[in-house]
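K.L.:
Listed below, chain by chain, are the residues.
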Amino acid sequence: DAGVTQSPTHLIKTRGQQVTLRCSPKSGHDTVSWYQQALGQGPQFIFQYYEEEERQRGNFPDRFSGHQFPNYSSELNVNALLLGDSALYLCASGTDERWQYFGPGTRLLVL
Amino acid sequence: AQKVTQAQTEISVVEKEDVTLDCVYETRDTTYYLFWYKQPPSGELVFLIRRNSFDEQNEISGRYSWNFQKSTSSFNFTITASQVVDSAVYFCALSGGNTGKLIFGQGTTLQVKP
Chain C
2 DAGVTQSPTH
12 LIKTRGQQVT
22 LRCSPKSGHD
32 TVSWYQQALG
42 QGPQFIFQYY
52 EEEERQRGNF
62 PDRFSGHQFP
72 NYSSELNVNA
82 LLLGDSALYL
92 CASGTDERWQ
102 YFGPGTRLLV
112 L
Chain G
15 AQKVTQAQTE
25 ISVVEKEDVT
35 LDCVYETRDT
45 TYYLFWYKQP
55 PSGELVFLIR
65 RNSFDEQNEI
75 SGRYSWNFQK
85 STSSFNFTIT
95 ASQVVDSAVY
105 FCALSGGNTG
115 KLIFGQGTTL
125 QVKP
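Respectively, the protein sequence lines represent chains C and G. Residue numbering for the first sequence follows the working numbering, starting at 2 and increasing by one per position. Residue numbering for the second sequence follows the working numbering, starting at 15 and increasing by one per position.
No lab work stands behind these hints, which were simulated from the structure alone. Every value quoted in this text rests on a predicted model; they were computed, and no experiment measured them. Check before you lean on any hint, since a few could be wrong.
List time: in silico DSBU-like cross-link candidates among lysine-lysine, alpha-carbon distance up to 35 angstroms [what the hints assert, rightly or not]:
1) G:K30 with G:K84
2) G:K17 with G:K84
3) G:K30 with G:K127
4) C:K14 with G:K17
5) G:K30 with G:K17
6) C:K27 with G:K17
7) G:K84 with G:K127
8) G:K52 with C:K27
9) G:K127 with G:K52
10) C:K14 with C:K27
11) G:K30 with C:K14
12) G:K84 with C:K27
13) G:K17 with G:K127
14) G:K84 with G:K52
15) G:K17 with G:K52
Restraint-style ranges between C-beta atoms, simulated for each label pair [stated by the list, open to error]:
16) C:P71 with G:Q71: 37 to 47 angstroms
17) C:L110 with G:Q71: 42 to 52 angstroms
18) C:R58 with G:R77: 36 to 46 angstroms
19) C:S66 with G:T94: 39 to 49 angstroms
20) G:T123 with C:G29: 13 to 23 angstroms
21) C:S8 with G:Q125: 30 to 40 angstroms
22) C:L83 with G:I74: 13 to 23 angstroms
23) G:F61 with C:R108: 14 to 24 angstroms
24) C:R108 with G:N72: 33 to 43 angstroms
25) C:N80 with G:A21: 20 to 30 angstroms
26) G:I74 with C:L112: 28 to 38 angstroms
27) G:K127 with C:R64: 19 to 29 angstroms
28) C:S66 with G:V27: 13 to 23 angstroms
29) G:Q120 with C:G85: 12 to 22 angstroms
Beta carbons are placed, not taken as given, at the ideal position from N, Cα and C, and that holds for glycine.
Here chain C stands alone, though its shape is the one from the complex (with noise of 0.2 angstroms):
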């Protein structure tokens, strides 16, 4: 059985670019969520998905967005990068909100 897993592992951009992560949840989970973690800091909530819905956000801008496709993959799209979103981008799967088991994750880079 498959865990969490999230695509690419690593990906280097450079500023005003858009970026397009993947995550694929564990077998049997329907909800997705996506976290930020900064170097040295503990990973900050930015949005989650349930039936292809957002059903609840973070305090992250509108350039942050995401999608949620009927096999319960999701995407976390970010436009006009910024230095400061230098960041390991982390999924997590779950059958409710009380369940969050994460991926390996995705690291960015924006030069």
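Please arrange chain G on chain C, whose structure you already have, making use of the hints.
P.N.:
For chain G alone, kept in the frame of chain C given last:
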């Protein structure tokens, strides 16, 4: 507002020592969930435990144990007879009510030396 505080930034112990990682939380929700995650250098957050606010029973799993005290809003994590493989960053997290999001502490870096 919800908040999780892990006052210990870094802890260094020698193998086989016991070590306790502290976690203090703030929430106005009557129903909430507390979590501990381990983050090795690879970056993946490994789930260790979940505890709901109505269950104050302490839990032991092998060398790991957790002490949940609502009276002091604390959810501390003890590793008995630490091993080098326990070296990692440990995060305490809170999920309140039906908010659907985890609030993490700043993390405690544990270094276990041989």
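K.L.:
Now, for every hint given, state plainly whether the structure supports it.
P.N.:
Structure-based check of each hint:
1. Under the criterion of a C-alpha separation no larger than 35 angstroms, the hint pairing K30 (chain G) with K84 (chain G) is consistent with the structure, at around 30 angstroms.
2. With a C-alpha separation of about 15 angstroms, the suggested pair K17 (chain G) and K84 (chain G) falls inside the 35 angstroms cut-off, and the hint holds.
3. A threshold of 35 angstroms between alpha carbons decides the hint, and for K30 (chain G) with K127 (chain G) the separation of about 9 angstroms falls inside it, so the pair holds.
4. For a cut-off of 35 angstroms, the pair hint linking K14 (chain C) to K17 (chain G) stands: about 33 angstroms separates their Cα positions.
5. In summary, the hint linking K30 (chain G) to K17 (chain G) is supported, as the alpha carbons are separated by about 32 angstroms, within the 35 angstroms threshold.
6. Taking the CA atoms of K27 (chain C) and K17 (chain G), the gap is near 28 angstroms; set against the 35 angstroms cutoff, the hint holds.
7. For a cut-off of 35 angstroms, the pair hint linking K84 (chain G) to K127 (chain G) stands: about 33 angstroms separates their Cα positions.
8. With a CA separation close to 19 angstroms, the supplied pair K52 (chain G) and K27 (chain C) stays within the 35 angstroms bound.
9. For a cut-off of 35 angstroms, the pair hint linking K127 (chain G) to K52 (chain G) stands: about 18 angstroms separates their Cα positions.
10. Our distance criterion of 35 angstroms between C-alpha atoms is met by K14 (chain C) and K27 (chain C), whose separation comes to about 28 angstroms.
11. Among the hinted pairs, K30 (chain G) with K14 (chain C) is inconsistent with the structure: their alpha-carbon atoms are about 44 angstroms apart, more than 35 angstroms.
12. For the hint linking K84 (chain G) to K27 (chain C), the alpha-carbon distance of about 32 angstroms falls within 35 angstroms, and the restraint holds.
13. Straight-line distance between C-alpha atoms of K17 (chain G) and K127 (chain G) comes to about 31 angstroms, which keeps the hinted pair within the 35 angstroms bound.
14. Among the hinted pairs, K84 (chain G) with K52 (chain G) is consistent with the structure: their alpha-carbon atoms are about 23 angstroms apart, no more than 35 angstroms.
15. The hinted pair formed by K17 (chain G) and K52 (chain G) meets the criterion: a straight-line CA distance of about 19 angstroms does not exceed 35 angstroms.
16. Here the CB-CB span from P71 (chain C) to Q71 (chain G) is close to 40 angstroms, well matched to the stated 37 to 47 angstroms.
17. Checking the proposed 42 to 52 angstroms range against L110 (chain C) and Q71 (chain G) shows it holds: the Cβ atoms sit about 44 angstroms from each other.
18. Judged by the Cβ atoms, the range 36 to 46 angstroms given for R58 (chain C) and R77 (chain G) holds: they are separated by roughly 38 angstroms.
19. In this structure the supplied range 39 to 49 angstroms holds for S66 (chain C) paired with T94 (chain G), their Cβ-Cβ distance being about 45 angstroms.
20. At about 33 angstroms, the beta-carbon gap between T123 (chain G) and G29 (chain C) misses the expected band of 13 to 23 angstroms.
21. Our hint of 30 to 40 angstroms for S8 (chain C) and Q125 (chain G) holds, since their Cβ atoms are close to 31 angstroms apart.
22. Against the hinted window of 13 to 23 angstroms, the Cβ-Cβ separation of L83 (chain C) and I74 (chain G) comes to about 45 angstroms, which falls outside the hint.
23. Against the hinted window of 14 to 24 angstroms, the Cβ-Cβ separation of F61 (chain G) and R108 (chain C) comes to about 21 angstroms, which satisfies the hint.
24. Our hint of 33 to 43 angstroms for R108 (chain C) and N72 (chain G) holds, since their Cβ atoms are close to 37 angstroms apart.
25. Checked against the hint of 20 to 30 angstroms, the pair N80 (chain C) and A21 (chain G) fails, with Cβ atoms roughly 37 angstroms apart.
26. At about 47 angstroms, the beta-carbon gap between I74 (chain G) and L112 (chain C) misses the expected band of 28 to 38 angstroms.
27. A hinted range of 19 to 29 angstroms for the beta carbons of K127 (chain G) and R64 (chain C) is inconsistent with their spacing of about 43 angstroms.
28. Between S66 (chain C) and V27 (chain G) the C-beta distance comes to about 44 angstroms, which lies outside the given range of 13 to 23 angstroms.
29. In this structure the hint that Q120 (chain G) and G85 (chain C) lie 12 to 22 angstroms apart at CB holds, the actual value being about 18 angstroms.
Checked against the numbered hints above, the structure breaks hints 11, 20, 22, 25, 26, 27, 28 and satisfies the rest.
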